[in-house]
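Visitor: Okay, here's what each chain looks like letter by letter:
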Amino acid sequence: MDLIRRLFTAALVAGVLSGTAASVVQQATTVPLILEAEKYEVVTPPPAASAAPAGAPAPSHQHGPVREVGEGVPTSLDEAMQRIGLTIVANLLTGVAYALLLGAAILLAGRPVDARRGLVWGMGGFVAVSLAPAFGLAPELPGMAGAELELRQLWWLSAAAGAGVGLTALAFARNRLVIAVAVLAAALPHLIGAPHPESAEGAVPPELAARFVTASLGGAALFWAILGATCGWLMSGLVRETESRPALRVQPGAR
Amino acid sequence: MTTRSMNTAAGSATRSAAQTAVAAFAAILLGSFLLYGVGFAQPQQIHDAAHDARHSFAFPCH
Chain A
153 MDLIRRLFTA ALVAGVLSGT AASVVQQATT VPLILEAEKY EVVTPPPAAS
203 AAPAGAPAPS HQHGPVREVG EGVPTSLDEA MQRIGLTIVA NLLTGVAYAL
253 LLGAAILLAG RPVDARRGLV WGMGGFVAVS LAPAFGLAPE LPGMAGAELE
303 LRQLWWLSAA AGAGVGLTAL AFARNRLVIA VAVLAAALPH LIGAPHPESA
353 EGAVPPELAA RFVTASLGGA ALFWAILGAT CGWLMSGLVR ETESRPALRV
403 QPGAR
Chain B
60 MTTRSMNTAA GSATRSAAQT AVAAFAAILL GSFLLYGVGF AQPQQIHDAA
110 HDARHSFAFP CH
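So the protein sequences, as listed, match chains A and B.
Note that the first sequence covers residues 153 to 407 in my numbering.
Note that the second sequence covers residues 60 to 121 in my numbering.
Mixed in with the good hints there might be a few duds.
Unchecked claim - One side of the interface only, derived from the structure: several residues of chain A facing chain B at Cβ under 7 Å: (1) Leu155; (2) Thr161; (3) Val165; (4) Ile186; (5) Leu238; (6) Ala242; (7) Asn243; (8) Leu260; (9) Arg263; (10) Pro264; (11) Leu283; (12) Ala286; (13) Gln305; (14) Trp308; (15) Ser368.
Unchecked claim - Now the stretches of chain A that chain B is said to cover, found in silico as 3 or more residues with beta-carbon under 8 Å: (16) 169-183; (17) 246-256.
These are calculated hints, taken from the structure and not from any lab test.
Virtual Cβ for every residue (Gly too), placed ideally from N, Cα, C.
With these hints in hand, go ahead and build the complete structure from the sequences.
Guide: Put into structure tokens, the structure is as follows:
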């Protein structure tokens with residue numbers, strides 16, 4: 153039970169620290185772009201517009217397809233604060249979730265860790281769940297054209313899981329066949345190709361989308377660096393203790 | 060190494076490996092559950108609450 157408690161404590165601290173850092177960075181980088189993009193997001197046109205007689209002059213303030221007020225764009229301070237609060241909660245949960253998965257991987261690998269080695273683990277996490285999926289599916293803003301959601305979610309998962317398996321095998325496996333199969337698993341989603349819409353005509357200006365991609369990846373890199381280093385730091389005693397037990401060093405039948 | 064100390068060592072190794080497996084499994088289970096909720100679940104309220112975080116972390120959102 154002590155092992156579980158310490159693993160979960162490490163994941164909780166690492167998740168809260170990385171999630172907090174991500175929240176600060178997001179409010180300065182990605183969130184303003186999301187709010188800007190939502191102005192272009194096509195939502196079902198309000199009934200009044202479709203009921204208007206053909207040829208009626210369009211409202212002068214309208215620059216393009218606009219969301220209905222109340223559909224998500226905060227209109228008051230309260231709404232804005234609530235939206236920021238929920239985003240922070242979601243970031244903390246994302247941090248804890250990824251820290252639990254990374255902590256489990258570190259524990260199963262059974263190699264000694266510290267903050268610096270944890271940083272390398274964190275960069276592996278970044279490559280697996282941020283860079284590899286983004287290689288096929290760019291981080292998307294609201295209003296961008298996309299293929300069917302379930303297909304994209306499935307492809308995202310397979311790209312992330314494949315990259316995770318590939319990296320783990322490259323780092324720890326000795327058997328060349330295992331390494332080859334794992335690298336193939338990492339490459340397969342990209343060889344099949346990510347699902348894209350037939351027409352790539354979204355409503356969001358491409359400059360906005362390009363800025364969002366770099367902001368999202370940069371924020372994720374920082375998030376993973378903090379998450380990995382903290383996990384490694386807090387788990388250093390945990391794995392070293394297990395490692396230093398003489399029983400684990402003796403291979404069964406080694407002599 | 061005497062037989063007795065080998066037995067003790069083997070027992071401790073088994074227990075430790077089992078403990079490690081249980082702890083890792085519990086972490087993977089809870090981590091996957093949380094990740095599904097934050098990044099993938101589609102009920103409207105969960106989607107709306109996690110919306111900006113999902114986009115920022117590049118989960119496919121809608």
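Visitor: Indicate, hint by hint, whether the structure satisfies it.
Guide: Outcome of the hint check:
1. Leu155: Hint holds; A:Leu155 Cβ to chain B Cβ min 4 Å, cut 7 Å.
2. Thr161: Since the shortest Cβ distance to chain B is 11 Å, the answer is violated.
3. Val165: With Cβ-Cβ at 14 Å, over 7 Å, it is violated.
4. Ile186: Since the shortest Cβ distance to chain B is 5 Å, the answer is holds.
5. Leu238: Result: holds, 4 Å to nearest chain B Cβ.
6. Ala242: Holds. Min distance 4 Å.
7. Asn243: holds (5 Å)
8. Leu260: holds (5 Å)
9. Arg263: Violated: closest Cβ of chain B sits about 13 Å from A:Arg263, beyond 7 Å.
10. Pro264: violated (14 Å)
11. Leu283: This hint is violated: A:Leu283 lies away from chain B, its Cβ roughly 10 Å from the closest one there, beyond 7 Å.
12. Ala286: holds (6 Å)
13. Gln305: holds (5 Å)
14. Trp308: holds (5 Å)
15. Ser368: holds (5 Å)
16. 169-183: Satisfied; 4 residues make the cut.
17. 246-256: holds (count 9)
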